[in-house]
Every structure is written in C-alpha cells, then in structure tokens.
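One line per chain: the protein sequences are B and V, in this order.
The opening residue of the first sequence carries number 1 in this note's numbering; numbering runs sequentially from there.
The opening residue of the second sequence carries number 1001 in this note's numbering; numbering runs sequentially from there.
None of these hints come from the bench; they were simulated from the model.
Just to be clear, a hint being listed does not mean it is correct.
No farther apart than 25 Å at their CA atoms in a straight line, the calculated lysine-lysine pairs in the PhoX-like style are these [to be verified]: (1) 109/B with 69/B; (2) 1041/V with 1014/V; (3) 1066/V with 1041/V; (4) 1041/V with 26/B; (5) 1014/V with 1064/V; (6) 1041/V with 109/B.
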Amino acid sequence: SQQGEEDPQALSIQEGENATMNCSYKTSINNLQWYRQNSGRGLVHLILIRSNEREKHSGRLRVTLDTSKKSSSLLITASRAADTASYFCATVPFNNDMRFGAGTRLTVKP
Amino acid sequence: GAVVSQHPSWVICKSGTSVKIECRSLDFQATTMFWYRQFPKQSLMLMATSNEGSKATYEQGVEKDKFLINHASLTLSTLTVTSAHPEDSSFYICSARDIAGGPVPFGPGTRLTVL
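When you get a sec, could you build the whole thing from the sequences and use the hints?
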C-alpha cells in the first residue's frame, strides 16, 4: 500500500515561477526522500531529509519536513521547462522499506 | 555512487508465457532489494521485499505464486512473472538497500507488455 498523499496531483506553471508540492504520510519515518520521474523513465533521486532535520537545500530545490504534522514540501525555485516531470515523495520507516506517494505531475510552460 | 541495473529494459511477450527480470547492484552489496510496479500515470507500488538467502516478503494483494522472487546473491535478485496476462503489463522497478544507508538507488525499470 502507498504511504502517503501528495498534492496537488497536477501543477502547471510558467517558466521562472516557483513550484511547491506537498506530501503527507501516516507512520513514523526514518527519512523522507523526493524523486523525479520523466514520463516512462526511471527514478532520479533528488534529496533526502532525515527525521531529525527540518529543512534541506540542493541547488534550486528546498525541502521541508514537519514530523509533528507528518508532512513535507518540495519547492522548486525559478522553474524551467526541463523541470517538467512527475515528482514523488517516498517515506522510509524504521523497518526501511520505501513507500511512495501518489505523485505530482508538474508542467512548466516555456 | 551506488548503481542498480535492470535487464531487460523492455520485453514484449505473449499471454501465458513467463518473463524473468533481473536486478543487479553493480558496485555494492545489497542485502535487501525491493520490487515495485507502476501502472501508467500512477505511482510506484511496493510489491515485495527480497532478502538475500531467504524468502521474499510480499505486500498484501500481490500473488507470490505469480510473481516469483529469487535473491540468491548479494548482487542479484530476479522477478519472474509467471503465466503473464495483459493486466500484468506494467513498468517494474527494483531498488536495493546499500548497507551504508542513505539514498536508495533504483534500477532504470523494465517495461513489460503482454499481448
């Protein structure tokens, strides 16, 4: 079964705008990871945030984690057309199997 | 970094045949490998967790007799879809847990089409 929910399910923005995606989950976690997937392709790991961390940055990506609310957000700043993809959060509980949210399909229009 | 490969990358087969998909950890030892299935426009669903040298643990609703998993070595796990049917057509992705921990590498996926 999937671990969590993501919203929005789909997001369409103009190039240069920021994109924010949210992920909620149900059980306690060891860490949470965000992945990107281009249509019909494999997964690309973006960022990992541990349960004792609140925020992490990587280039144009900013991830937050609120374990009290069991939620995380992924912010992509200054989006580009090449950022068009599906984005998934994946939670890793302490038994270590990874489960994915439903994903957000991001479209960045040039 | 840790790399996981899958073979084949795509396969087309007739209904009723069996298909084997290989998942290899290339530069690390993976005591645990995970198999996921992804239908079009949907997320990845965990099918089973495969531990080296022991029986796989299947998620609820996944038929263990239909999806045979073998994890005979620390670098190889195989998923065999037995008597495949068109509804088994999907994208199958494996991942492997690096003993060192951290980001879990995923294979590139195998697209199975059953005619």
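The hints, checked one at a time:
1. 109/B with 69/B: The hint is violated at about 32 Å.
2. 1041/V with 1014/V: 24 Å, holds
3. 1066/V with 1041/V: It holds: about 24 Å lies between the C-alpha atoms, which stays within 25 Å.
4. 1041/V with 26/B: 23 Å, holds
5. 1014/V with 1064/V: 21 Å, holds
6. 1041/V with 109/B: 20 Å, holds
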